[in-house]
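Peer 1: Spelled out from the first residue to the last, the chains are:
Number of protein chains: 2
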Amino acid sequence: MDAINKTLHLTDAERLDRLRLIRSDNIGPRTFQSLLQHFGDARTALERLPDLARRGGASGPGRICSIEDAKAELAAAARMNVHLLAPGEIGYPPRLATIDDAPPLLGVRGALDVLMRPMIAIVGSRNASDAGLKFATQLARDLGDGGFIVISGLARGIDQSAHRATIESGTVAVLAGGHDRIYPPEHGDLLASLLDNGAAISEMPQGHVPRARDFPRRNRLISGAALGVVIVEAAHRSGSLITARMAAEQGREVFAVPGSPLDPRAAGTNDLIKQGAALVTQATDVINAVTPIMERPIVLGAREDDGEPLDFETGADDRGRIVNLLGPSPISLDDLIRLSGASPAIVRSVLLELDLAGRLERHGGGLVTLI
Amino acid sequence: MDAINKTLHLTDAERLDRLRLIRSDNIGPRTFQSLLQHFGDARTALERLPDLARRGGASGPGRICSIEDAKAELAAAARMNVHLLAPGEIGYPPRLATIDDAPPLLGVRGALDVLMRPMIAIVGSRNASDAGLKFATQLARDLGDGGFIVISGLARGIDQSAHRATIESGTVAVLAGGHDRIYPPEHGDLLASLLDNGAAISEMPQGHVPRARDFPRRNRLISGAALGVVIVEAAHRSGSLITARMAAEQGREVFAVPGSPLDPRAAGTNDLIKQGAALVTQATDVINAVTPIMERPIVLGAREDDGEPLDFETGADDRGRIVNLLGPSPISLDDLIRLSGASPAIVRSVLLELDLAGRLERHGGGLVTLI
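So the sequences go chain by chain: A and B.
Going by my numbering, the residue at position 320 of the first sequence is 320; the numbering climbs one at a time, nothing skipped.
Going by my numbering, the residue at position 342 of the second sequence is 342; the numbering climbs one at a time, nothing skipped.
What the hints contain is simulated information worked out from the structure, not anything from laboratory work.
Since the list can't tell identical chains apart, any single copy or any two copies may satisfy a pair.
Quick list of in silico lysine to any residue cross-link-like pairs, SDA-like style, CA-CA up to 25 Å:
| id | residue 1 | residue 2 |
| --- | --- | --- |
| 1 | K274 | G146 |
| 2 | K274 | E295 |
| 3 | K274 | G147 |
| 4 | K71 | Q37 |
Generate the whole structure from the sequences, applying the supplied hints.
Peer 2: See the structure below:
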């Protein structure tokens, strides 16, 4: 079992408040995390939301998830035996809790203990070759026999083979939509059969039909929960490569299965190996690489932005100067601090207010633009 | 054209002497090199050979190649338009001249200027797949178009495809036997057709039928002459992996073409990539890696053992002590120096005498045993 440095159990009231906060407009995992950290609990953050969004220049009042809606979501979850868990609670994958944008509440269904065990992700092409499917099956089985939980995306092709091979040993399906909106629909049976010894997880509310943009977003959960990600067959520009990139950004091990240069289904994996991914031909390649990592404790609350304070109280004079520095061309937090002369806490707070007002866009590398 | 820091042209007399020296008993390329360096020319070394071998404990007089035999070999070579060239002469591949055990005289046939150009080795399975042969053909053609000479071993399979694809752009065949003993015999036509724009090289005298042990020995010339070696398909324990190991020891780039983990013909190349070889799917992967290396000058005489002096004149008292330290269990030069208390020059000289007497076996890592 993965080590974890603390466990948590939310009260029903705090769970309800947190659910309202994450389901409110313009609140993503990072904003949620900043607000929770600053205000200490979700209820206080909820109370301050309208004021902060107004200060950020919101044209109208953003929608705040009502108590009734949140209660309805919790009730619907309970009917499907879906638990909405916070990072640090039993059943929330410990490694997933360590990523920057960990879901504040994760919908978890199935065998919760499985989610606390070391996981390896196996992902790849939907239209994989027979050889690719065969390899994924064997690799998944061997990793399962080695005590690992195999996590994947329930897609056709490689994902499906990886799940099927580990129904007995334990497998986790990460959904892009709500727990009642399985995609592809014909994998409902596969999902049902894996829940006895495995689990399904989603950050989306029930009823949410997965859209195209939800899949890359979902992929960060596959890599984030795992020690490492194995890519089995991926063409150039395939979705599996997004998972590989996210894995690398999250500090997860990236493994790729090689193929003939003449096989376009191996072009993406061969490229990954050129870029430094570890070449995998058998499960021991993966196990040997992740074993030393498993032995280190998982430390929650070790994120880079942790402990960076906010300051909503002072700095009214600075606000205008900071907003004036923002525009359609990207600017970094560091430049904003330098050019505005305001404190980092004030700059971060103003950006958060703009976030809540739906006026800020955050890009890679800490760059922001005003919408 | 590869840069080279000096050119040499032997006199007929010196070429004859060098040929006699390298064709004499118990003289390999390293011993040749030590003797030439110590005595300044091959003739002096030849004169001293009987005495040195006797001091090494030779039971009888070792065979010294006669003037007549050497003249006959030179005449036979001339009849086939084979030039016997020394490192530093035009037509002797400049990079090959830099390896520790470069042939003191290399038999060269064909277009000599081609041998001065930058080379890439392409080697692989004799029983390659159609895909492997197709890839080798395309890679060789692209490297040829990129201005590189493709060097290989004239074997069936990958070697053959690499040569055939570069008959126009220039290719070099490295033979394990003499120039008149082509292996496999059915590749005589291929060899003849590549000589117009390419060359064949061998360190063996004409008439020498290649034995099994000559092929690994030959492989060091393939890698040594090249900037890097591309392995296209190789099963576990295949001969191509010997070439890869030699390339790595010689400081040459090692490239490997990946394949499916389910294809045993890719097991060796996938392993090479795991061990650090660069993954190749197209010629630019090779060209980009070797271009910075091509820009550095090739320095002859930069070998590690260069300038390590010998001393045959003093140290008669030390000889017995050094020989007593030798036996069937391997001992290093450093230990011999330390335990005998003799100077490095004397220890090296005693070992060379034992070499000439046929009593010394040299192993990897500078270890020696007495036979």
